[in-house]
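**Q** First to last, the sequence lines map onto chains A and B.
The opening residue of the first sequence carries number 7 in the working numbering; numbering runs sequentially from there.
The opening residue of the second sequence carries number 126 in the working numbering; numbering runs sequentially from there.
Rather than coming from a laboratory, the hints here were simulated on the basis of the structure.
Yeah, the Cβ is synthetic: ideal placement off N, Cα and C, and Gly gets one too.
You may find that some hints are simply not true.
Quick look at which bits of chain B chain A covers, simulated, 3 or more residues with Cβ under 8 Å [stated by the list, open to error]:
1) 149–159
2) 176–186
3) 196–206
4) 209–222
List of simulated lysine-lysine pairs, DSSO-like, C-alpha gap at most 30 Å [unchecked claim]:
5) Lys39/A <-> Lys54/A
6) Lys97/A <-> Lys77/A
7) Lys33/A <-> Lys126/A
8) Lys77/A <-> Lys54/A
9) Lys158/B <-> Lys153/A
10) Lys285/A <-> Lys216/B
11) Lys220/A <-> Lys57/A
12) Lys88/A <-> Lys158/B
13) Lys204/B <-> Lys174/B
14) Lys204/B <-> Lys283/A
15) Lys277/A <-> Lys216/B
16) Lys232/A <-> Lys216/B
17) Lys269/A <-> Lys285/A
18) Lys158/B <-> Lys285/A
19) Lys277/A <-> Lys138/B
20) Lys39/A <-> Lys82/A
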Amino acid sequence: MVEDYAILPCNGLDKCAGVISGELAKKLCEHNKNEIICPVFYRIAETKYNKIASEHPLIVIDGCQTRCASKLAAEKNLKISKKITITEEAKNNHIELKNSLRLQENENALIEIILKGLIKKEEKTTLISDETSFIANFEYEIFKNGKFIFRIPKNSEVYFNENDCWAYVLGNRARIGVTDYVQQSLSDILYFTPPEIGADIEQFDAAGEIESSKSLIDIISPVSGKVISINEVLEQKPELINENPYELGWIAEIELADFESDKELLIGFDKYFEILKKKVEETNA
Amino acid sequence: MSESTFMGVERDKIDWKPTLDYTKCDYCMECVKFCPHKVFEVHETEEIKLIVRNPNNCVVFCRACAKTCGPDAITFPDKNATTLRIKEIRKEEENNG
Chain A
7 MVEDYAILPC NGLDKCAGVI SGELAKKLCE HNKNEIICPV FYRIAETKYN
57 KIASEHPLIV IDGCQTRCAS KLAAEKNLKI SKKITITEEA KNNHIELKNS
107 LRLQENENAL IEIILKGLIK KEEKTTLISD ETSFIANFEY EIFKNGKFIF
157 RIPKNSEVYF NENDCWAYVL GNRARIGVTD YVQQSLSDIL YFTPPEIGAD
207 IEQFDAAGEI ESSKSLIDII SPVSGKVISI NEVLEQKPEL INENPYELGW
257 IAEIELADFE SDKELLIGFD KYFEILKKKV EETNA
Chain B
126 MSESTFMGVE RDKIDWKPTL DYTKCDYCME CVKFCPHKVF EVHETEEIKL
176 IVRNPNNCVV FCRACAKTCG PDAITFPDKN ATTLRIKEIR KEEENNG
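Let the sequences and hints guide you as you build the complete structure.
**A** Structure follows, in structure tokens:
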């Protein structure tokens with residue numbers, strides 16, 4: 007690993023996945039000068055760990071989807087640089103975890119796979135998005151409700167789904183993202199999990215996730231196709247989704263598979279604007 | 126909070142809701158705290174302490190509560206089947222009307 011990280015594991019002692027998260031953290035500390043943040047001690051004495059977290063990028067290791075470590079990071083306002091969820095890793099690698107609190111063959115194998123993946127990811131040359139080839143010129147309509155301001159693109163090239171995601175379609179490509187409604191509902195976005203480059207996604211599949219201290223949501227892709235590019239800047243600056251979810255905060259680019267068919271279940275500006283207004287009014291009613 | 130239609134189809138006609146596996150659920154209630162649409166309801170004093178009370182409040186294609194579920198006790202219908210069904214219903218309604 008190239009950098010020295012601060013590592014915050016969930017370390018749940020009564021669950022297999024929690025035990026794995028603790029063990030993975032220990033293994034990671036055998037590389038470079040990574041340092042563990044103990045989630046238990048952090049709750050009662052935060053000074054030491056706040057210093058470590060402010061000096062190093064942070065890896066959060068959650069055992070399961072309860073995401074205790076992520077929630078602790080959000081509570082302490084820590085910016086997450088990488089995130090690992092043990093149960094997800096086990097699923098993705100087709101490894102069945104036993105319920106034992108002692109690590110056995112499968113659990114150790116999983117730890118090795120995750121370690122290798124992390125090291126490889128560090129060494130991999132970053133794929134650079136071909137940003138210049140996609141020129142999106144947004145024009146917005148504004149809707150205000152109290153202190154909240156919602157901007158909605160009104161270009162005819164922009165399509166929406168009712169899950170508050172947009173697609174800017176140019177030829178056989180689309181750039182996708184979330185609308186102001188999503189970023190306002192989530193409040194401060196702390197972490198972005200991008201979709202995988204090269205992945206084939208169906209319409210309404212998840213094209214990544216975004217997480218704030220309040221919530222975690224799937225980005226529901228309005229279009230089907232192959233992910234050809236992701237907005238890598240968001241991995242370090244997820245707050246750009248809050249600042250402008252259409253331009254600097256775009257999520258991914260998709261090479262379209264069957265836009266004519268996708269279009270049947272998408273809406274344009276006029277319809278989405280009405281739906282948005284209704285949602286906002288209902289939320290604040 | 127309930128949306129009466131989704132993509133022009135009456136919400137009631139779209140089968141999209143969480144299903145709880147009570148053999149896995151540990152009643153941590155993370156899903157209840159998470160879902161802002163009041164899909165779930167807590168019955169503290171009963172044996173089954175958590176039910177899906179308002180399935181039509183569930184946002185079609187949203188599976189976020191399942192992501193918060195530590196014991197992995199929440200499942201959703203097949204998304205592609207739901208998409209196809211929505212398209213079918215829209216076609217039927219177009220033809221009828």
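**Q** Next step is simple, just say for each hint if it's right about the structure.
**A** Here is how each hint holds up against the structure:
1. 149–159: Since three or more residues must qualify, the claim that chain A covers the segment 149–159 of chain B holds, with 3 doing so at under 8 Å.
2. 176–186: Coverage by chain A holds here, the residue count being 3 at a Cβ distance below 8 Å.
3. 196–206: holds (count 4)
4. 209–222: Check passed, 3 qualifying residues.
5. Lys39/A <-> Lys54/A: Roughly 16 Å between the alpha carbons, so the hint for Lys39/A and Lys54/A holds.
6. Lys97/A <-> Lys77/A: holds (22 Å)
7. Lys33/A <-> Lys126/A: holds (15 Å)
8. Lys77/A <-> Lys54/A: Given that 30 Å is the threshold and the Cα spacing comes to 19 Å, the pair holds.
9. Lys158/B <-> Lys153/A: holds (25 Å)
10. Lys285/A <-> Lys216/B: The hint holds at about 26 Å.
11. Lys220/A <-> Lys57/A: holds (24 Å)
12. Lys88/A <-> Lys158/B: OK: Lys88/A and Lys158/B at ~25 Å, within 30 Å.
13. Lys204/B <-> Lys174/B: holds (28 Å)
14. Lys204/B <-> Lys283/A: holds (27 Å)
15. Lys277/A <-> Lys216/B: holds (19 Å)
16. Lys232/A <-> Lys216/B: OK: Lys232/A and Lys216/B at ~27 Å, within 30 Å.
17. Lys269/A <-> Lys285/A: holds (22 Å)
18. Lys158/B <-> Lys285/A: holds (20 Å)
19. Lys277/A <-> Lys138/B: holds (21 Å)
20. Lys39/A <-> Lys82/A: Holds, because 23 Å separates the two Cα atoms, which is no more than 30 Å.
Of the numbered hints given earlier, the model fails none.
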